[in-house]
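**Q** Read off the chains here:
2 protein chains.
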Amino acid sequence: MAARPARGHVVLLSGGMDSATVLATAVRAGGPVHALTLHYGQRHARELAAARALARHFRVREHQVLRLPIGPILRSALTDPSRPLPRGWTRRSKGSIPPTYVPARNTIFLSIALGYAESRGLDTIWIGANAIDYSGYPDCRPEYLRAFERLARLATKTGVEGSTRFRVRAPLLRLTKAEIVRLGEKLGVPWGLTWSCYEGADRPCGRCDSCRWRAKGFREAGRPDPALAGPRPRSRRR
Amino acid sequence: MAARPARGHVVLLSGGMDSATVLATAVRAGGPVHALTLHYGQRHARELAAARALARHFRVREHQVLRLPIGPILRSALTDPSRPLPRGWTRRSKGSIPPTYVPARNTIFLSIALGYAESRGLDTIWIGANAIDYSGYPDCRPEYLRAFERLARLATKTGVEGSTRFRVRAPLLRLTKAEIVRLGEKLGVPWGLTWSCYEGADRPCGRCDSCRWRAKGFREAGRPDPALAGPRPRSRRR
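Residue numbers (my numbering), protein chains in the order written: chain A, 1327 to 1564; chain B, 1327 to 1564.
With the rest of the complex left out, here is chain A (with noise of 0.2 Å):
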């Protein structure tokens, strides 16, 4: 992917299907991989659990949890109990940007990926970002995460001195879901360790715009979703 190989790695890692992809990609780059997951009172604190399994089966050289009280400040149905999970829709029209979009979460996320990959001297920052079919999230688009590159070079000491090139790799960017659970199987994802649901329960709800996105892929890839293998509740529906 890299015309050069890259000095180390820093991987976003939610605990969903497409971070657990994503640092699959950059176990497969080759170098030492760090992880970082960052926790903004978002509802689907399961994730956590999901993200250090995965951090633990990747065997990633250092994996960092930190927890970011941003919810207060920023809105979103994600972070507001008050404001209802997107429910029952499945495509949005056009450009339309969705309800789960938190005010500049990833260049929140990727700067500080971004400083501890210069306090690491690590260089390559992964994420999961997307611009297909089910995002829709401005700072999930190429110019985006391009702008992005631009700053990191101008904001960092070793930036500056021209020691290290920052980059950003979205390997999932222009992937549809069913693509990335294909490149997931690939490069030996175990699905069962990862957690997409936006709720916290036990068992996937089924019903919120993530689980819905997840069954889509498995289902167009032709696979089965390893995390809904077992008896479902009798409540729940599809």
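Accuracy of the hints is not assured; some may be wrong.
For chains that are exact copies, the list does not tell them apart, and a pair is met inside one copy or across any two.
No farther apart than 20 Å at their CA atoms in a straight line, the calculated lysine to any residue pairs in the SDA-like style are these [said to hold, decoys possible]:
| # | residue 1 | residue 2 |
| --- | --- | --- |
| 1 | Lys1483 | Glu1469 |
| 2 | Lys1542 | Arg1387 |
| 3 | Lys1512 | Pro1424 |
| 4 | Lys1512 | Arg1472 |
| 5 | Lys1483 | Arg1401 |
| 6 | Lys1483 | Leu1499 |
Keep in mind the hints are simulated off the structure, nothing from the lab.
Given chain A, put chain B in place with the hints provided.
**A** Using the frame of chain A, we list chain B on its own:
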């Protein structure tokens, strides 16, 4: 300063004399003012009380104080208790970056301020960055701040939609410390409420880099520093 009136302001307020002067400038500009204090384990936690006092003094609409647990992942003399704080030097060679540099600090701060601004419908972010005299940080340079503005327009819902044009204001960017003292005096900054020392003791140490720059500023502006009024501990040297 601005060609059209701002919709509202977010001021990054540390509690030091610089951010206090920036807050006074934002208040003078007109429109709602919010203050955001981000604390990341740096040694001068004493600044938090100063930030709260300044926010009250200037009657901001909202003051958010967030503790970011990023100290362990960012290496710097300011966040690592095992590294000595710089002392006894007041001017470094041109272009060199001081040991108090915190990787990606301003990018992390501006990103959170951006999310806060968008969440509250505000468009102007104020920061006490300074490119003259006592700074030398890569993320205090004009080209960095302009790059962040460009990123902000790509990163956000309202930026992409064109309803908000986010701006970063750094009114101290080209001022010497003495000029900051004079500007602050003109705007009625209550210096006695501010805190600049890197140490968290009851009184400023007078020896750290921040104390020395502050003293130099007041001296060259021909003003007394009200924070130094009253009897001094005998052991203290200037």
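**Q** Which constraints among the numbered hints does this structure fail? Numbers only, ascending.
**A** Checked against the structure, the hints that fail are numbers 2, 3 and 4, while the rest are satisfied.
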